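S.K.: Numbering (this note's numbering), first residue to last: 2 to 713.
Keep in mind the hints are simulated off the structure, nothing from the lab.
Check each hint, because a few of them may be wrong.
[Said to hold, decoys possible] Each computed BS3-like pair below joins lysine-lysine, with the alpha-carbon atoms no more than 25 Å apart: (1) K702 to K584; (2) K77 to K118; (3) K109 to K125; (4) K69 to K35; (5) K651 to K710.
[What the hints assert, rightly or not] Here are the simulated distance ranges between beta carbons: (6) P692 to A580: 28 to 38 Å; (7) S36 to K699: 24 to 34 Å; (8) S322 to E577: 31 to 41 Å; (9) I458 to P692: 26 to 36 Å; (10) E577 to I503: 46 to 56 Å.
All of these numbers come straight from a predicted model, not from anything done at the bench.
Yeah, the Cβ is synthetic: ideal placement off N, Cα and C, and Gly gets one too.
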Amino acid sequence: MKKIFIILLFFNILTLKAQTGKDKCSDWEVKASKSEAKVGDEVIISFFVTPKPNWYTYANGFEEGGPKITEFNFKKNASYQLIGKVESPGAESFQDPIFEMTIRKFKKRGEFKQKIKILSDNFKIEGTIDYQTCSDKDNQCIPCEYDFSFSQIAVKADGKTDQKEPEDTKALNKKDSSEAKNTTQITPVDTTSKKSNETVKNKPVNFEGAEKEEENLFLFALGAFLAGLLALLTPCVYPMIPMTVTLFMKGDRPISPQASAEEQIQQQAANRRRGIVKALIYGGSIIGIYGLLGLLASLAFGIEFNNDFSTHWASNLLFFSIFIVFGLSFLGMFDIVLPSSFVNKIDRKADGGGYGAVFFMAFTLVLVSFSCTAPIAGSIIMLATQGEVIKPLIGMIAYASAFAIPFTFFALFPTAMKSLPKSGGWLNTVKVFLGFLELALAFKFLSTADLAYHWGILNRDVFLSLWIAVFGAMAMYLFGKIQLPHDTKLDKISVPRAVTAIFITAFTVYMIPGLWGADLKLLSGIIPPKTTQEFIVAQGNNQSTNTDNGDFPSTVKYGDFLKLPHGLKGFFDYEEGVAYAKKVKKPIFLDFTGHGCANCRKMEEYIWVKPEILNILKNDYVIISLYTDDKTELPEKDWVTSKVDGKVKKSMGKINLHFEADKFSNIAQPYYALLDSEGNLLVSPPVGYEPDVKIFEKYLKAGLEAFKKVRA
């Protein structure tokens with residue numbers, strides 16, 4: 002579904018990046034401190050690494066929990082014995098502000114050293130170096146492997162060699178054993194048998210039930226298509242259908258009365274062919290014009306603005322204002338129109354002949370109907386540009402397709418227009434109905450900014466009160482109890498209007514219990530979370546706290562303004578949560594979430610709340626929820642500098658998002674990772690939005706089983 006036009010535009014670029022990944026891996030060379038040795042001698046094997054220009058390779062000798070440490074895996078071989086660990090004495094050390102630890106790396110040619118003891122005359126050392134190389138320019142990192150095989154030492158079964166042990170070997174022997182904790186542990190890998198217990202413990206369990214989240218674009222496209230059909234029923238558009246078809250019919254070339262019957266038939270067939278081509282060009286032009294708007298929105302508000310643009314106060318207040326303006330326009334307070342000079346200029350282009358004029362006819366339709374279609378099309382773009390690249394394009398193509406189909410159809414089959422209902426006051430009813438929807442959606446954008454910045458002006462009960470008022474007014478309007486400026490007086494209402502009014506009334510009544518704390522699961526992810534509710538009559542059976550044997554801290558960092566749902570206890574700071582997990586010896590449920598994340602709320606309201614899930618979360622895991630869109634500025638000591646753009650991240654959301662991207666190469670929410678009490682991944686891959694309770698329960702239980710093996 003996602004492999005469409007926008008992806009094809011960038012396919013060559015993405016392919017180029019994929020192809021050039023491996024050629025950025027470092028160059029390696031293996032040498033020995035002796036070219037000749039005898040059985041029993043100790044020799045240093047040197048692994049020389051040379052990063053590519055403007056790239057660097059991480060060394061070893063620093064603690065885990067940061068970037069990937071270069072690891073050496075040696076195949077078991079009876080011809081040698083490892084002595085000590087691989088060291089990288091010449092690596093550059095620096096304090097990394099992101100990981101808050103000392104990191105070591107090679108920017109130029111560097112050396113790793115491993116001391117061995119020769120055990121037989123058929124010496125051969127083989128293995129794999131697993132490492133990571135990163136760019137100084139764009140901070141791109143590439144995982145690499147290097148397979149080595151070295152046997153260039155002439156080993157004598159007895160007798161002495163004339164070579165002396167080099168000074169660096171002597172120095173290596175004198176190293177203080179206290180440095181061992183800062184070096185990489187070498188575990189020989191037996192390729193013919195199972196790995197050691199330690200290796201198994203540190204490897205995440207593969208979870209087959211976990212798949213990367215893919216947004217169901219079909220539902221979004223379907224919604225946009227239905228919006229296009231609604232746009233057809235507005236008073237600016239519907240009357241233009243017969244007018245447009247009439248213009249097509251006038252474009253037919255006259256049939257010559259002097260022509261023979263056969264020639265007249267041929268002329269009619271030619272007119273028919275031209276009409277079909279023009280109709281198809283007309284429909285395609287409409288789709289192309291709106292599709293271009295979607296493409297521009299994709300490029301302008303793409304994934305780089307994810308979490309920042311979609312939750313920033315300025316963008317959300319702008320969208321809130323625009324939706325209010327659109328809604329008031331549809332209600333009849335004023336009309337949104339383009340400058341008449343611009344519209345007339347395009348219209349003159351459409352009066353010309355040829356297929357080019359057909360395009361300008363389509364463009365004229367888009368412009369003339371702007372006052373009715375702009376609010377709908379604009380709403381689709383704004384709802385889609387919440388950190389998405391593909392959605393605006395798909396939405397506008399789907400919208401334009403519905404918009405173009407009837408114009409194209411009736412241009413192809415003019416006689417079918419006789420079946421169309423006549424224009425009338427019902428068109429304005431559709432327009433007003435959309436106006437109320439625009440007003441309701443406006444408060445969603447205001448709510449997103451309110452949650453991200455903790456303003457506290459649009460809590461759950463306030464939001465519901467506004468929606469109840471808007472949809473209640475819509476129901477009264479549909480029942481004919483309210484009249485607006487462009488309405489005609491009603492003596493009675495139609496059956497479809499009455500049925501619609503009944504459904505709107507039922508929806509309004511459904512929301513009322515939410516004022517006292519009812520769940521309202523149908524609106525999960527749309528309305529503010531229950532934690533913002535000021536007044537709740539009863540907590541319900543699912544409101545329970547974690548089993549913590551009384552040692553859970555009375556206060557947690559950021560707990561004064563962040564809360565977990567369903568009475569769960571947890572942390573909102575990674576380091577604090579990991580420290581507690583070590584103390585109680587429990588695995589970690591790491592939850593990357595967001596105030597503006599609709600699917601996060603759906604997971605909490607539909608999945609977390611299930612007894613089988615809630616019991617596991619509250620009793621078996623330490624919960625750490627990291628908000629990636631929270632705008633709270635943290636103290637300067639907690640700021641980090643991004644490797645991606647070199648900018649200092651000051652807010653909680655940006656720091657957490659950077660942590661998610663760096664540790665898991667992911668920026669989507671929700672995103673759930675299961676870690677041991679040291680912060681190592683237990684189950685791979687982590688999961689995103691997973692509406693299947695059984696799969697999510699299986700995932701949590703897989704983490705518990707993996708944690709038991711680690712502790713065994």
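S.K.: Of the hints given before, which are not true for this structure?
M.R.: 3, 4, 5, 7
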